[in-house]
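*Asks:* Sequence:
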Amino acid sequence: MEALALSHAIGFHYAIGISLLIIIIANLIILFINDFYKVHKYMWYLTPVLFGILAVTLISGFSIFAMMKFHINFMILLMIFINIAIIALEIKRIKKLRIVRKKPSLIKNYIKQSRILYTIYLFATLIFFLG
127 MEALALSHAI GFHYAIGISL LIIIIANLII LFINDFYKVH KYMWYLTPVL FGILAVTLIS
187 GFSIFAMMKF HINFMILLMI FINIAIIALE IKRIKKLRIV RKKPSLIKNY IKQSRILYTI
247 YLFATLIFFL G
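Heads up, the sequence shown stops at 257 in the numbering used here, and the numbers go up one at a time, no gaps.
By construction, these hints were calculated from the structure, which means they are not laboratory data.
The beta-carbon is built from N, C-alpha and C at its ideal position, and this holds for glycine as well.
One or more hints might be untrue.
To be verified - Pair ranges (Cβ atoms, derived): (1) 207 with 155: 19 to 27 Å; (2) 231 with 178: 30 to 38 Å; (3) 224 with 129: 44 to 52 Å; (4) 133 with 207: 19 to 27 Å; (5) 155 with 253: 16 to 24 Å; (6) 193 with 213: 19 to 27 Å; (7) 155 with 178: 17 to 25 Å; (8) 155 with 130: 36 to 44 Å; (9) 210 with 130: 23 to 31 Å; (10) 230 with 194: 47 to 55 Å; (11) 192 with 154: 17 to 25 Å; (12) 161 with 194: 15 to 23 Å; (13) 197 with 168: 19 to 27 Å.
Input sequences plus hints: build the corresponding full structure.
*Replies:* Below, the structure is given as structure tokens:
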């Protein structure tokens, strides 16, 4: 019964990870729109969804880690650390967004940095799925 619960938890974690991947790809595509205000409008709706999925993925990772009786599983630990890093970088990006709204001359720099961040998020999440 424990093995069945663990397999369902891993399947759920995998499905949530796919949702995370879809949101990251959507945000990355949106960042290639040249109009900052459209980018900001779409990101306004997708960022809370990203944080929600990250929180569920983090909780799911911890529950799988606990179900395995805290045996070290590199992939689960990697995904937990990736989620924590994405949350920290997103909070930093949102703080930078406040500065950009006050100084429109920084818009292009902000969009370039956001593209780089989301590309890193994409590769980090793909490492989890391909590993």
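*Asks:* Which hints from the list above does the structure break, by number from lowest to highest?
*Replies:* The structure conflicts with hints 11, 12, 13, although it agrees with all the remaining ones.
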